Amino acid sequence: MSTLSFAFWQNEMARMGLPEMPLKDAQKTSENPVFCEPSTYHTLVHAFLKKVGFDHKDMQDLWRISLTREGIIQIREGKLPENLDVIFKVPLDYGGEANMENMLLIQTHPFVDILFKFMREQCKRYHQSEGEKSALYGYKKPPKLFVPDLNRRVFVPAMLGWTSPAGNGATDRMTQAGISIASEGRDV
Amino acid sequence: MFRAKDCFKTFDPVSKEQLKLIQGALKNNRLIPLPEDYCDFLNESNGGICGDIEFYGTAEHFFKKRFFTFPDIVNYNKRYLDDSFLFNRVIIGQDSQVFFIYDGQKKTYLICDRISFIPIKAFRIFEDLKKYLMID
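Residue numbers (numbering that gives the first Met the number 0), protein chains in the order written: chain A, 0 to 187; chain B, 0 to 135.
A portion of the hints provided could be inaccurate.
Derived DSSO-like pairs: lysine-lysine, alpha-carbon spacing no greater than 27 Å straight-line [claimed, not checked]:
{"#": "1", "chain 1": "B", "residue 1": "K120", "chain 2": "A", "residue 2": "K78"}
{"#": "2", "chain 1": "A", "residue 1": "K49", "chain 2": "B", "residue 2": "K130"}
{"#": "3", "chain 1": "A", "residue 1": "K139", "chain 2": "B", "residue 2": "K105"}
{"#": "4", "chain 1": "B", "residue 1": "K77", "chain 2": "B", "residue 2": "K26"}
Please keep in mind that the hints were generated in silico from the structure rather than gathered at the bench.
None of the values given here were measured: they were computed from a predicted structure.
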């Protein structure tokens with residue numbers, strides 16, 4: 000099976016701990032990384048969080064990821080609580096745009112780490128397949144990258160069947176406890 | 000105008016003994032010891048979080064209400080030891096797009112793409128990096 004095939008990478012995503020994360024491919028549009036400057040990024044995130052904080056469906060998703068009342072208040076003020084990131088679903092150098100439609104609110108540890116590891120692994124394999132041994136200046140980026148294909152604004156792992164690190168198919172007790180407490184509207 | 004420094008969460012400062020231990024642990028893991036100006040930052044706060052910006056210190060911090068552990072710098076870097084990019088370098092932090100990496104050979108702070116490790120910007124001192132990220 001080609002290391003660049005969709006099925007292979009879907010399996011890799013499952014192996015890394017996100018078995019039902021839908022994927023799509025994105026074509027490279029820039030050789031150099033495209034980076035959203037901090038001032039622009041903070042302005043976009045501020046507006047995005049305010050939108051999420053006052054949307055009914057997004058609010059239900061925020062409860063599902065065990066966010067406390069204080070965290071929701073922060074989001075409504077346009078601020079990011081700890082362990083939450085707003086990432087670009089499609090990287091900016093793969094055709095993604097720096098706008099709210101391309102943004103996703105997701106827990107930093109472990110899910111953002113997993114997603115970036117997944118994308119980095121694709122670069123690493125491509126880099127090695129091109130005969131490059133050293134990565135002292137970074138990895139060569141493949142012409143096509145598999146990225147998350149989500150149309151929600153908030154990533155909710157339990158709904159996507161996220162498995163515990165042990166791989167036994169069950170969410171861990173802490174996550175379950177957090178989700179059940181949050182859905183009752185109680186603070187932890 | 001939003002300024003990241005308005006929401007910078009700090010921790011207790013690092014002790015000299017902890018710093019010495021961590022410098023040894025970094026060397027043992029074939030990573031670069033932390034530079035002096037970053038150690039000065041840790042002397043004020045042993046790590047820091049502001050929104051998506053994270054800087055790692057010598058100790059991990061457990062956030063009970065949020066069910067997550069903010070990692071320490073050694074354990075965080077251990078995840079990337081297979082990547083030859085980290086030769087003579089150490090990751091001191093991250094945000095939602097990039098890594099913040101100290102290059103021990105060139106004595107500079109790098110902002111590197113989180114997917115490909117390709118360097119995007121470089122800064123001579125940690126203060127300049129903080130100013131760029133609007134947390135100074």
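Here's how the hints hold up against the structure:
Taken as a hint, the K120 (chain B) and K78 (chain A) pair is honoured in the structure, with Cα atoms around 26 Å apart against an allowance of 27 Å. Proximity of K49 (chain A) to K130 (chain B) is assessed by CA-CA distance (about 25 Å); at most 27 Å being required, the pair is judged to hold. The hinted pair formed by K139 (chain A) and K105 (chain B) meets the criterion: a straight-line CA distance of about 22 Å does not exceed 27 Å. For the suggested pair K77 (chain B) and K26 (chain B), the alpha carbons sit about 12 Å apart, so the restraint of at most 27 Å is met.
Violated hints are absent here; each numbered hint is respected by the structure.
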